[in-house]
Amino acid sequence: MNAREDTLLSVEDLRVSFSTEQGRTEVLRGVSYRLQKGKVLAVVGESGCGKTVQALSLLNLLPAGGEIKSGRILFKGKDILSLSPQQLRKVRGAEIGMIFQDPMTSLNPIRCVGKQIVETILAHKNCSKLQAKARAVRLLRKVGIEKPRKRLREYPFQFSGGQRQRIMIAMALCLHPDLLIADEPTTALDVTIQAQILKLIKTLQKQSGMATVFITHNLAIVADIADDVLVLYAGYCVEQAPAEELFAQPLHPYTKGLLHSLVSLKHKAEHLPAIEGYPPAPGMPQEGCPFAPRCPHVQDRCRVQLPPLFERNGRQVRCWLQENA
Amino acid sequence: MWRYILRRLLLLPLVALGVTFLLFLLTQRLSPEMRASLYIKDPRQMGALEEVIQKYGLRDNVFKQYGRWLSSALQGDLGYSHSANMPVARAIKEYLPATVQLAVATILLVVFFGVWFGAVSAVKKDKWQDVCARLLSVGGFSLPIFVLGLLLLMFFYGKLGWFPPGGYSVATDAVIHSPSFHTYTGFLLIDSLLNGNMRVFGDVLRHLVLPAVTLCIGSFALMVRVMRSSMLEELGKDYVRTARAKGLPERTVVYRHAGKNAVIPVITLAGIQFIRLLGGTVIVETIFDYPGIGRFGVTAAQQLDIAGIMGFSLMVAVLFVLGNLFSDILYTAVDPRIKLNE
Chain A
1 MNAREDTLLS VEDLRVSFST EQGRTEVLRG VSYRLQKGKV LAVVGESGCG KTVQALSLLN
61 LLPAGGEIKS GRILFKGKDI LSLSPQQLRK VRGAEIGMIF QDPMTSLNPI RCVGKQIVET
121 ILAHKNCSKL QAKARAVRLL RKVGIEKPRK RLREYPFQFS GGQRQRIMIA MALCLHPDLL
181 IADEPTTALD VTIQAQILKL IKTLQKQSGM ATVFITHNLA IVADIADDVL VLYAGYCVEQ
241 APAEELFAQP LHPYTKGLLH SLVSLKHKAE HLPAIEGYPP APGMPQEGCP FAPRCPHVQD
301 RCRVQLPPLF ERNGRQVRCW LQENA
Chain B
1 MWRYILRRLL LLPLVALGVT FLLFLLTQRL SPEMRASLYI KDPRQMGALE EVIQKYGLRD
61 NVFKQYGRWL SSALQGDLGY SHSANMPVAR AIKEYLPATV QLAVATILLV VFFGVWFGAV
121 SAVKKDKWQD VCARLLSVGG FSLPIFVLGL LLLMFFYGKL GWFPPGGYSV ATDAVIHSPS
181 FHTYTGFLLI DSLLNGNMRV FGDVLRHLVL PAVTLCIGSF ALMVRVMRSS MLEELGKDYV
241 RTARAKGLPE RTVVYRHAGK NAVIPVITLA GIQFIRLLGG TVIVETIFDY PGIGRFGVTA
301 AQQLDIAGIM GFSLMVAVLF VLGNLFSDIL YTAVDPRIKL NE
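Heads up: the sequence lines are chains A and B, in that order. Using our numbering, the letters of the first sequence correspond one by one to residues 1 to 325. Using our numbering, the letters of the second sequence correspond one by one to residues 1 to 342.
Everything hinted at is true.
Derived DMTMM-like pairs (lysine to aspartate or glutamate); straight-line CA-CA distance at most 25 Å:
hint, chain 1, residue 1, chain 2, residue 2
1, A, Lys150, B, Asp335
2, A, Lys129, B, Asp335
3, A, Lys125, B, Glu250
4, A, Lys69, B, Glu250
5, B, Lys125, A, Glu21
6, A, Lys115, B, Glu233
7, A, Lys69, B, Asp238
8, A, Lys115, B, Asp238
9, A, Lys133, B, Asp335
10, A, Lys199, A, Asp224
11, A, Lys129, B, Glu250
12, B, Lys124, A, Glu67
13, A, Lys115, B, Glu250
14, A, Lys199, A, Asp178
15, B, Lys237, A, Glu46
16, B, Lys125, A, Glu67
17, B, Lys260, A, Asp102
18, A, Lys133, B, Glu250
19, B, Lys237, A, Glu21
20, A, Lys90, B, Glu250
21, A, Lys69, B, Asp126
22, A, Lys256, A, Asp227
23, B, Lys237, A, Glu67
24, B, Lys339, A, Glu154
Between beta-carbon pairs, the in silico distance windows are:
hint, chain 1, residue 1, chain 2, residue 2, range
25, B, Pro336, A, Glu12, 39 to 49 Å
26, B, Leu232, A, Glu323, 48 to 58 Å
27, B, Phe141, A, Gln86, 37 to 47 Å
28, B, Leu108, A, Arg149, 34 to 44 Å
For the record, the hints were derived by calculation from the structure and aren't laboratory data. Glycine included, C-beta positions come from ideal geometry on N, C-alpha and C.
Please take these sequences and the hints and turn them into a complete structure.
Below, the structure written as C-alpha cells:
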C-alpha cells in the first residue's frame, strides 16, 4: 500500500481570512498537510495562531465573517469546499466528528442530552427512534457515563464539565466517523479530568482506528497522543514532523522555545523560561519571518524575506537557518 | 413547584390589600361633603348631604371606612357603580370576559407574528426580509392606535362590511339571552362551543378580529425586536455550531435549537403585554364599541365612581399577580434549568 492510497485527508495551501473593521485579515496563510488513515496529527501553537480556524475549515464551519480564500481540502477524495450544502451535511457528523473546546457551552442547554445524541443518529441513519436510543445508551456507557438510560433524559446543566465532554465525545463518535477533529478538548477542564478525557479519546481512537486532528497548545499532551505534529505560528505552518523526531530534535527556533518551556517544568528552574514577546496580532502588516521579532537567532534577512518551507528528511521547516543545513 | 405557586398565591391578598388601601387613601383627599354629593342624583336634595355623611360614616377615620369596604368586599359586595348603573361585581363579571377574550386573541397574534417575523429577521439579517419585517413593525408601532383602528374600521367595515364593530350582532344578542343558551363561563367563545352553537361562535369571533388586529399591530413591534436580537444572540452560540457540526438540517438547527432558546425572553414580554392589555384596551374598545372592562374602568374614573374605581383596581391587581404567575409557570415548561421552588 503506498502512502497516497492511505491518505484520508489532505489540506493544500489553505488560506482563510476574516473581515474586520480594518478590512480583511488573513489568519491562515497557506497551510498544507496530509493525514493518513488511523493516525493522529497534533496541531500546536499559541492562542490566535489559527489552530481553531484551521479545524473549523475542515467542516466548512467558519463563523460569520470568515472566508476560505483559497486552497483545497480533500477528504476521502472529495473536495469539502466544493460540496453542496446537502452533501456537506452528510459528511458532517457522520464521516467527520468534532469535539469542541468548551463543553459548557457546546451543548444545547434546554434540550436533554438523549435527544441531542439521538437526533444526530437520526439525521444520518435510517433507523427507528428506539434503535437510535439504544445506540445512544451504549455510547454513553462506552464513554463512562453511569446509569446511561436514566441520564439520557437529563439536561446538560445536570452534568459536570468532564461528563459533558464525555457526552460530546459520544455524540461525535456515534456514527463511527473516519476522522475526529478535537479542538482543545481538555482545555476547559480540571487537570485530573483532563487526563481522564485524554485517556478516553486515546482508547476510543485506538479501538476504532479513526484518524484524528488534535488541536492543543499543550505539548505534554502532544507527546502522549500524536503521531505527527504541525506547528502553527501567526497563520503559517512553521514546522511539521513526526512527533518523536520533533521532540528529539526540534528544528525551528519557535518549536525549540515551546519545548524548552515544557522541559523546564520537569526541572525546578528559578524562573520559568518562556519565549519573550508576543505573536504578531492578526492583520498587522508584516514582512519577512513572522517569528523574527522574538527569535534568538534572527538575521537581517529574516526581517525582510519570508522563508519558504524547507524539506529536511521528510520534515518541513520554515526557517532560513535550515537553508543550507 | 406547587409550593412556589402556593406561595405566590398567598402573596395575592397582600398585593390586593396594598393597592386598594392606597387607592382608598387617595379618595380621602376629597372632603366628606364631596364624596357624599356623589350619592345624590337630584340637585334639589343637596340639603340631605349631612344625612348621607352620617349614613355611610364618611367622617370616620380612614381605617374604619376601609375596613367597612373590605369586609363587604370579602362578602363579594364591591358596592354599586353609578357610572355603570349596576353593582361593581356584576359589571366586572359582565365586562371582563370580553376583554380577556380580546387580550388572549391579541397576545396570540402578537406572539405568533412577533416570533415569526423576529426569527426570519434574524436569520435573514440585513436581507430584504429583515428590512421588510423591521419596517412593518416600526410602522405599526409609530401609527397611533386610534388612527389605525379607524382606518381598519373604515376599510373592513365601511367599505367591505366584513368585520362589524361591537361585541356581537343583534341576532346573537337574542340567542345568548334566550333561556336555551346556557352561560357556563361568561366567555362567549367558550360558551357558544359548549352550547354547540357555531353561529354565535363565528359571530363573536368576527367581532373580535378588528380590535385584536389593531392591538396586535400596535404592540408587536417590540416583540419582533426582542425575538430578533435574542435569535441573533442564540445563532452565534457554541451549541448552534455543534448542531451544524453534527450534520443536522439547517432548519432544525435554526428553529429547533436556536429558536427554542431565543423564545425564552419573549415569554417575559408576552406576560407583561398581556397584563397591560387587560387594563389598557380602552381606546380600542371605544373605537370598536367593544363591551370590555377597559371602558368600564375609564368611565368610572371620569365620573368619580369610587366603588367602580376600587373594584377595577382590585381586579387589575389580582390579574397582575395571576398573569405573572402564569408566565413563571410557562418558563419552566420551556427552560428545564428554571425550577420554581426557590
